[in-house]
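There are 2 protein chains.
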Amino acid sequence: MKKLINSPETVLDDALSGMAAAHPGLRVDTEARVITRASGTRPGKVAVVSGGGSGHEPLHGGFVGAGMLAAACPGEVFTSPVPDQIVAAARAADAGAGVLFVVKNYTGDVLNFQVAAELAEDDGIRVETVLVDDDVAVRDSTHTAGRRGTGATLFVEKIAGALAEQGADLAAVAKAARAVNGASRSFAVALTSCTTPAAGRPGFELPDDEIEVGVGIHGEPGRRREKMRPAREIVATALDAVLEDQPLAAGDETLVLVNGLGGTPLIELYVVYKEVADALAERGVRIARRLVGNYVTSLDMAGVSLTLCRTDTDMLALWDAPVDTPALHWG
Amino acid sequence: MKKLINSPETVLDDALSGMAAAHPGLRVDTEARVITRASGTRPGKVAVVSGGGSGHEPLHGGFVGAGMLAAACPGEVFTSPVPDQIVAAARAADAGAGVLFVVKNYTGDVLNFQVAAELAEDDGIRVETVLVDDDVAVRDSTHTAGRRGTGATLFVEKIAGALAEQGADLAAVAKAARAVNGASRSFAVALTSCTTPAAGRPGFELPDDEIEVGVGIHGEPGRRREKMRPAREIVATALDAVLEDQPLAAGDETLVLVNGLGGTPLIELYVVYKEVADALAERGVRIARRLVGNYVTSLDMAGVSLTLCRTDTDMLALWDAPVDTPALHWG
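From first to last, the protein sequence lines are chains A and B. Quick note, the first sequence lines up with residues 1 to 331 if you use UniProt numbering. Quick note, the second sequence lines up with residues 1 to 331 if you use UniProt numbering.
This is chain A alone, in the form it adopts within the complex (with noise of 0.2 Å):
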């Protein structure tokens, strides 16, 4: 294993430190483990708050800042953050209003949100919850029961971080949370594996010339393995995966992203990206707006998930709203 690390067991303490120093718009708590806004959440407003394992990045600490997150809690790599963490994280966002936490759905992430959503509730702290369940390709999985989450997690935290800017209470910003989950339907397809720090060897083994159709964020398993193809036929593969769950019509408006998982430079990205808009504008679907880049990753995987979000004009103008944070900065 060749990683920029210096132990498998200081890998996130390292990384936070890191965030720390790089990041003066952030507040970063090393030993709690909590990253929040440096300015804090303003009073009265909802704090959204977020965790997951780590080995995502940007996601979840660098969509802290204003209009997005008010505080992240990382575990580690591909571990669920504690109860203890995810509670330590609802006190230091908490500005009186309550606290809407985004769980993407995997066993341990829910379990654990749950917990904390019983304890910070014991400290007198409002908590609703949105689970992120937009993988339409296996219905269940290694880490999870049910869908897992995936890139829809960006998009439900930018429309309801910026619907907590403008200071809804908190069941209108869970409402509006769990409307563009289910707005949303996502497919990943994976050309490598992914090798985390403490395993020191991928996690699952790919031939040379063969993709998993349909891999979650951890490497689980897909619908299949096929023969490497042209993006045209890997897009197409997912973008009918999406469709047939969630089918758009001519005139439709939707949010892409076509996001890496990490090891796939952005070049390609952007062939993947042409080959949506094209496939999209022959159904005469419109993209309202996009991303494409690196936003939820897998380690060190090579790869590409594409996340559809059915969209709005309400929706489109909270997207549209002003964010500042490490990932994601505009208006």
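A couple of the hints might just be wrong.
Pairs involving identical chains hold if they fit within one copy or between any two copies, as the list cannot separate such chains.
[Claimed, not checked] 20 Å max Cα-Cα, derived EDC-like pairs, lysine to aspartate or glutamate:
hint: 1; residue 1: 2; residue 2: 226
hint: 2; residue 1: 2; residue 2: 205
hint: 3; residue 1: 2; residue 2: 233
hint: 4; residue 1: 2; residue 2: 209
hint: 5; residue 1: 175; residue 2: 314
hint: 6; residue 1: 227; residue 2: 210
hint: 7; residue 1: 2; residue 2: 210
Source of the hints: derived by calculation from the structure; they are not laboratory data.
Once you have looked at the hints, place chain B on chain A.
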């Protein structure tokens, strides 16, 4: 070879079509292979123009936009743009105040930009050129006489672009660009090779337990091969090389770029940044601003480059000036 492309022959055209579709703020001439701002260069402003081989994305196309480049002209992967293409970029970008070519010091780029400068001047466009040659690893290399150009390109393009936006004349913008290059030094370490679509196999072989110390952005050989080591030691090697060439004293201020070469996860780049920050703090050198991410890449190469630029108040003000491009956005 597994890459998300349709064919090695179409990768650049497909990627440019993808960029065109993804970024409404850019105008992409896919025939001439020139990327400009959709709004054009403001009349009377100097146009900062850059280009070079593709495969280093987001460099240069991702840096086109207000406050940075007026145009970029990407060649085939790891191949210089041709003179006609560079002239087309100059023509498209010139707004009457002349054009600054930012050229990384590789033989093909230097020659083609020189021919293009003469052709553009025949057309009545005033041209100045700044050569970027910040890589201290080796004196000459496979593609270069003299030092190679690498991470400092981002600093030059940002700071020259900001000065151009403020209305400085061509001589002043060129002078500032040369000053940034003169104050910058870089050093890179590769953990893996990279694979161009045309070659279809890694450009060099690197054993599972070795790193290439001082690698170039096309995989050119560095100073030596070494056994893999902890991040702290790799950073010490890179930082020593940079500071040996340009010493920084306690109290000096520097810009820092911790740049992923394409295949390295962001979590590792933060580990590297922590080590850089610690080592500079020990020496009393102040990090005025910093970037951590994938900006000047080498396709799927795993590894990192470190760039330092000794800075002053004027340079910092230009660094902080607003920028609105696909890859850099603030202010």
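Verification of the supplied hints:
1. 2 with 226: between (28 Å within a copy, 12 Å between copies)
2. 2 with 205: For residue 2 and residue 205, both the intra-copy (17 Å) and inter-copy (14 Å) Cα distances are at most 20 Å.
3. 2 with 233: between (33 Å within a copy, 14 Å between copies)
4. 2 with 209: between (23 Å within a copy, 7 Å between copies)
5. 175 with 314: within (13 Å within a copy, 48 Å between copies)
6. 227 with 210: within (4 Å within a copy, 31 Å between copies)
7. 2 with 210: between (23 Å within a copy, 8 Å between copies)
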